[in-house]
Every structure is written in structure tokens, then in C-alpha cells.
Amino acid sequence: MGIAAMLGSPIKRREDPRLITGQATYVDDIKIPGMLHMSVLRSPYGHARINSINTEAARNHPGVVAVYTAEDLKGAVGNIAIAVPLGHVANGMGARGALAEGKVRFYGDPVAAVIADDRYTARDARDLIEVDYEPLPAVVDVEKAMQPDAPRLYEEFDTNVALSSHPPTDDIDKVFADTQANGGVVVKTRLVNQRLAPAPMETRGVVAEYRKAGKTLTVWSSSQIPHLLRNILAATVGLPQHQVRVIVPEVGGGFGCKLNIYPEELVAAFASMKTGHAVKWIEERSENLAATIHGRDQIDYVEVAATKEGKITGLKVHGISDLGSYSQIFTNVIMIAFGFPVSCGAYDIPAIHLSFDTVFTNKAPTDAYRGAGRPEATYVAERAIDLVAHELKMDPAEIRKINFIKQDQFPYKSAAGAVYDTGNYIIALEKAMELVDYQNLRAEQARKRAEGKLMGIGISSYIEICGFGPKGSAPVGLYESARIRVEQSGTVMVYTGSSPHGQGEETSFAQIVADEFSIPVENVMIMHGDTDSTPEGRGTYGSRTLAVGGSAVFNATQRLKEKMKLIASHMLEASPSDVTLEDGKFSVAGSPQKAVAFADVAATANLSNTLAPGIEPGLETTVFFEPEACVFPFGTHIAVVEVDKATGDVELTRFVAVDDCGRQINPLLVQGQVHGGIAQGVGQAMWEGVEYSEDGQLLTGTFMDYAMPIAPEFPEFELDHTVTLTTVNPLGVKGVGEAGTIGSTPAVAAAVADALNVAHVDMPFKREKIYNIIHQ
Amino acid sequence: MTMKRQITVTVNGEQHHSEVEPRMLLVHYLREALDLTGTHIGCDTSQCGACTVLLNGEAVKSCTVLAVQADESEVTTIEGLAPEGSLHPIQEGFWEKHGLQCGFCTPGMIMASYNLLKNNPNPTEAEIRKGLEGNICRCTGYQNIVRAVQYAAEHMRTSATEPVGAGGE
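Protein chains in written order, with the numbering used here: chain A, 292 to 1067; chain B, 252 to 420.
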């Protein structure tokens, strides 16, 4: 690649050569001499008391080194970290140790761990552990769990409800009454956002190696959060932070489920500290579907009021978040912290009323899954506006235009509290309509209906909130960091606190640096994932890595560029303010023949012993970037479906997406993120769903039962974009990791409702459900 | 401990004599005995295809094949698809068309694509999607995987490339 103009170039990823040749190193590829293997025994019940555990036969099995239960961890391993303990969670409700003590609360709850010479032996011995369970009544339905007579997960509390908020409704009631008095409408519905499995193709995995001599613990983990894992793990197993090093090797996908501190990471660390050997644990897929966090699982009672012309006057939402059995790091705040602030979506809604319950049930804990709260909130806003359109027999595009926040209203303070940075929602909608050829599509739909065929068109004009997080928005600073060193050769080493795991920031960060230094992109190295070499970061999630981590990288280049200009000015005998950097050369404004190459300045800075007074040798800096505000990407997705009346089969025939994530550093990577996001969002709408029986047995424990989307189920996605820069970071970027997932689900839901000419159908759109609606 | 069995397997052109437990899965044999960690395990139940390798030239999911079943056979893994230092057109296609993100499903996806193109050198988009239905990718939405296979088909028509020790016909 040539010099400069890398920003905006769809260059191929530098990550790929190792990945396409089988030379990448994922956690399970790590081998350490003397390494032992861990297997975890899990609860076969949704809810049960543990009367006793007999590990003798397992311990006596040849090749077994140790068997641990909660008893062994007492005083040595603390509880799982919870970021924002609120309500009863602050008083211990939802607290979990690394291994279940006294009770198990969901199918898959870890009970004991076997440490053995090899993985087959560990697995054999696991089957020799005898646990005397006393099954207890389970509750898996979140609304049943709220009833006073429901089985209680935490008996010391007289409820399963962790936190509720029911503010007075007088103001919204008045809005609704006034709207109706003026001839408007109030539409109500109940929306179920079903439970999903994040299911990255690489399951979780950890290798922990404790060296007794130096009391140092090194942990390789398939994680999105190396520094948080290091900090929290150290505190939880009782080691000083400097004695713990976390290395995140290649990670086979995260989607939010790897931004937690999990029991198995703690037990593996404990086991290594006890045995003095490295301990490896690799999650089986059946464990992944049972015991890794799930996403979504929220019920919303929605009431929306609008004038007879379709202008929304008020929105009232009661959200019920199914937390599952324990609070993991963000479990209890996904809905209220990440979803509620964007409840008004892209619309200028003058009044909103939000109330909620967060409730424990006998299922796996829920937590962040791609979008985390925002898909649920977007689903509510998009379904709400479609309900009004359906009620008023308006076109869904028209009603969106009437209600959009207008371009001159930014920065816009939403009634739900968030301040939107920038946006131009109507251009994305119009572009998507043009791309899908909306008018002709409606004509085609009318023709098909006349022939008795069911075709539906659904629109979703989403917004989301990314770039967490501004000062004061979280219990700890959610900054990102970059350390950049320009070596004497002119090669640039970038150490980022972010932790990409498939997104491609080794490539896009290099593009930023190459452009700012005007050097070939090959001369920029991006290092990440090792807490010993990278500056403190908060991890990769919430579509924040480019906006926050990329901005830290950008600012670090600016700082070094200033120093290099100063050094160059002495070399050129010019004033620093006259020195510019272009085409890989520092030169003096007005006399371009007076120039020194980037590499020459790098060499001088690193090697010279005659630098001007006041100039420190070397070229290295560390920058932390803490954003001033969040960013709000947006876009419009349009889905087209055809429904087979005879079978209830729903086919997604077209999918158009126009997304605006601000400046695109690498359009190829943006496209990839949007494709993958759409597939996951469509997956939720059409097929996916974690199911439990009433007594808490997991019914979707393999990929055969959990309907993972496959290639033949998708049409070719048709993409376009608009570019609306943000002003809250120096790159003008917003983030795109979750947009596809957030935007696509409501579009498909709207298309199916449109095809069936009903107000709403709950997801997923499986044949039986659709058939019954058609033939009821 | 179960009696171990002697097997002889040619992997990527190199012959290995090994002693394995009869229950050892081929994927564990490749990864742990031979240190060929390019083949991944994604689901343990042969739905996801991350462990796809060629056994005597045909794609198999190596998490549901025993190592002893590969006795006297030829196996090709992702490491043997192209000679050291070069890329097979399918690998090129995945790189050119951004057909991967986290990369975990990629080796299996590439091996399955090899099998697909061997049986159908000129597939339509629908045939590619159908041909890869036994391989799950959670990152890409499959679109760029389809393009990668189309790229490979185009380039393979102009250069007949055989993997190292592919065996079969």
C-alpha cells in the first residue's frame, strides 16, 4: 500500500494470513509443560438443594490430581464481580461464588471441578462425582417469578425481584388523555424479546499458570477485557495486581459474552495456585449454551399515544428484565443502563414514562449480547411506531418521517435522558427506500395480495448509543489508552488497551497511524491483549473500540508528531511552526526541497546525543482518551418477506441496510460488521431462542436444538451508507459493531406483521406460530 | 486404562505412526498428538464444521471420526492445503473478500469449500450457500464467504491446484 490516504481505504486485513493458514493461536492451542486439564461438573437441575457431594471415587481415579468443590474455595476465591450492584443485588441477592454452595439455581450451575492429567481423564472422573440433590420447585417464567407465591431463588429475601421502579404516571396519563380528547389514538401491546445464546464459534477457554517461586499468575483467556480480567481476577483470588498477567490470544468471537469474569477462570487460577501446574479448561459447546451468559430476555408493556395525523405524543414502557439466576458483571443493569436511555429511538417524542422490574429466575444469567439493551429498546420504539401506523392505516415510512428528530435539533436531548450528538435520519431512510425501490415494492405487494400471496415489507429506522463512556457515566472511568513508540528504524509500535477479537483493529488502527505519520501502513505494528505490555484499557465491547481506543491512538500520534516536528525543525534549522509532515517527510513550508524523512527524524530522536536543549531523547508516549459524550450511530433497514400460507414458512427475500457510523476508517471492515450484525439480528427474529422446560431443564443445549443461522437461510444483503460525523471524538467515528443487530430485528418483525396484516407477532417466526396465525 | 492401538496416518503428506486410545477423536489426534492446531473444535456434535478436514480427499467432521478410523488413510488439514509460503485460491479468496472475522470457523469453512468446489467447480450462489450449510459462522453473515468461494472458483478454473497429500481421485 502506498503512503497516506489510508483513512477510508478498504484494505485487506493484516490479521488474515495467520487465520487462513491455521497458524493463529487460540487458547486451546496453548500447551505448557506439565499442564493439567480441568472438567466442570454442572447441575442437572434448574433448582435444587445440594445435600452432599462425594468426590472420593473421582479423586482416586488414576490420573486425577484434585477435585474441588465450594468448600475448597472458601476464603481463597471471592464472589463473581458485579459492576453496579443496585437494589437487593447490593445486599447479596444474585451473588455467586465460583462453585455452587448449598444450592444450584440453574441447569449448568458449576458444582465441582476435576483436575487431571489429560482432558479425557478429567471428563471420566467428572462422572464419578456423586452429588445428593434435593430438587426444588423452579421458576423460569419471569412474570410468574414476580408472584408472591413463586419459588424463591434467594430464600433470605421475600421476593425474586431485584429492583423495581414505578414512578407516578400522572404526567403521562394526562398526555394520553389529552391525545385521545383531541381525536388521537393510544395503542397498547406486550412485546417479548426472547432469550438468545451469543454462541461465538470459539467457546470460552482459559489456561492459568501459577509459578510458586515468584508467586506470579499468568492467565490466557478468551476474553474481551484483558485488563478488567487481570484487575478483578487478582482481587478475587487474593493476589496483588502486579503478580497477575492476563494474555488474550486469538479470540474466536465474543459478541458480549466474553466481557465477564466467569467462575471457570477463577477455579482454573485457584487450581493452578494449589497444584503449581498450569491448568487448562476449554468449554464444551453444551456447556457454552447452558452456562455462558445469555442475552435479551425482556418483556415490555408498551403504550403509545399519537395524534390522528400520526405524530407521537407520548410513550409509556414497563420493562421486565429476566436476569436469570445470578448477577454477572452487567446482568442487573443491561436494560436500565443501556436500553432505557435510547427508548425514544430516532423520534422526537415529547413525553416518556419508563418503569421496570428486574427479576431472578432459574435460568442462566443474562448479560451483554451484541447490542445489550439497545436492541430491546429499539425493538420497542420501532414496534411502537409501527403499531401507530397500523392503527392509523399509515405507511410506516411516512409516519417515521413525521416523527424523526430533525437535523437542526442536534445535539438533541431525548425525553428518555440521552443527549444525541449528531444525526440525519431522513437521508438514511430515503436512501434505503430508493435502494429497495419502495414504491414499486408496495405495488408488487398489492399485486401479490390480489393473487392471495403474503408478502410483507418492514422498516426499522434505528439509533443506538455507543462509545461508552463519558466521565461520570460508570463506577470507573471507561477510557481507552494507547502507547506509541517510534523506533529508530521509523517503525511505529502501537500498544492499545483495547482488545479486538475479530473486528480487525490491527488493520484499522494501523490505517489511522499510517495516515497521521504519512508512512506506509506496513511500518505500523499494532499490539494488544497482554496486560504486561499494553497500557490499561477497558476492553472491546459496545461498539466503542474505534471511537474510544482509536481516538487514543489518534491523539498519541498527534503528541509524537509535535515532538518530531520540533526535532525536525532543529535538523532543518527552521521554526517548528513552519514544519509540516507530508509524504513521509518533514519539510519547511514554502521550501519543500528542505526536508528530512520521517525515518531520519526517528533515528535522530532515538540515537542522537546532540538533541537541542530541552528535548528528551526517544519517541514514546502514552495517551488516555476519555470521551466527553456518547455517540449515536443510526440508519434504516428494510426487510422483505414472503410467507407461505400452506406451511407458515417465512422467507426473507430481501434485506436492505443503510447505516451511518460516522467516518468509515475501513469500509471493508464496516461492511463485514454490518453483514454479521444483520445475520444475528435476523437470527433472533426468525429462528433463535433459548428454551427451558417449566422445571428449568435446558431444551436448547446443542446447535441442533438452538437454531444457529446457516448460509442458505439468508438472501444477499444490500448495503449502502451515509456519513454524519460526530463531534465528540477527533476521528468523527461512531461505531458499527452492533448496528446491524440492533437495526435488523425490528425490520423483520415489521415485515412479518405486514405480511400477515396484523399489528404484531412475537419472535421468533417459526412455521407453527405463523401457520396458526394464518389459519386461526 | 484402555489398551492403546497402533495407527499409521499420512497427514499433509507426512506419515505418522502413533499409539492412541481407541476412543480418541481424530480432531484431538491432529491437534494434540500432531500439534496441528489449525483444525478447531466448535460444537462437539458435528453441527458447526469448524473441525472439517479431508479424509482420503473427502471432507469429514473430525470431531465425529475416531483417530483409529483414519488408520492407513490420508488426511489433509488447513496446514496442508497449500505448500508452505503460498496460499490456495480458496485461502486467497477468504482474504481478498473479507470472508472471515474472528477466524475460528475459517479453517473448517475453507476445507468444506475445497470439497464443494471439487464436486462442483462452477457453483451458483445458491449452490455455495447450500454446500456450506454444514458449517456455521457467527461473524460474517456468510455473504463474504460466498464471495470468497466465488473468487476461488474463478481462480481455480485457471489454475488446477491440488493440496498436499489430498489423496482421493
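Calculated directly from the structure, the hints in this document are not laboratory data.
For every residue, glycine included, the Cβ atom is placed at its ideal position computed from N, Cα and C.
Don't take every hint at face value.
To be verified - One-sided and incomplete, this derived list gives chain B residues near chain A with beta-carbon spacing under 8 Å:
id: 1; residue: His-268
id: 2; residue: Asp-322
id: 3; residue: Arg-380
id: 4; residue: Gly-392
id: 5; residue: Tyr-402
Stated by the list, open to error - Non-contacting residues of chain B with respect to chain A, defined by C-beta distances greater than 10 Å in every case (computed):
id: 6; residue: Ser-269
id: 7; residue: His-279
id: 8; residue: Val-316
id: 9; residue: Val-319
(request) Please confirm whether B/Val-319 is truly not at the interface, meaning its C-beta sits more than 10 Å away from all C-beta atoms of chain A. (result) The assertion about B/Val-319 holds, with a minimum of 14 Å to chain A.
(message) At 10 Å, judged by beta carbons, does B/Val-316 keep clear of chain A as stated?
(response) Holds, since 16 Å exceeds 10 Å.
(message) Given B/Asp-322 as an interface hint, is its Cβ closer than 8 Å to any Cβ of chain A?
(response) Violated, about 19 Å.
(request) Against chain A, does B/Ser-269 hold up as non-interface, every C-beta pair farther apart than 10 Å? (result) holds (15 Å)
(request) Beyond 10 Å from every chain A Cβ: check whether that's true for B/His-279. (result) violated (8 Å)
(request) Would you settle whether the hint for B/Tyr-402 is holds or violated, based on the nearest Cβ-Cβ distance to chain A being less than 8 Å? (result) violated (12 Å)
(message) Restraint: B/His-268 near chain A, CB-CB cut 8 Å. Satisfied or not?
(response) Violated, because the Cβ-Cβ distance from B/His-268 to chain A comes to roughly 20 Å (cut-off 8 Å).
(request) Classify the hint on B/Arg-380 as holds or violated, based on whether any CB of chain A lies nearer than 8 Å to its CB. (result) holds (4 Å)
(message) For the restraint on B/Gly-392, tell me whether the closest CB of chain A is nearer than 8 Å.
(response) holds (3 Å)
In this structure, the hints that do not hold are numbers 1, 2, 5, 7, in rising order.
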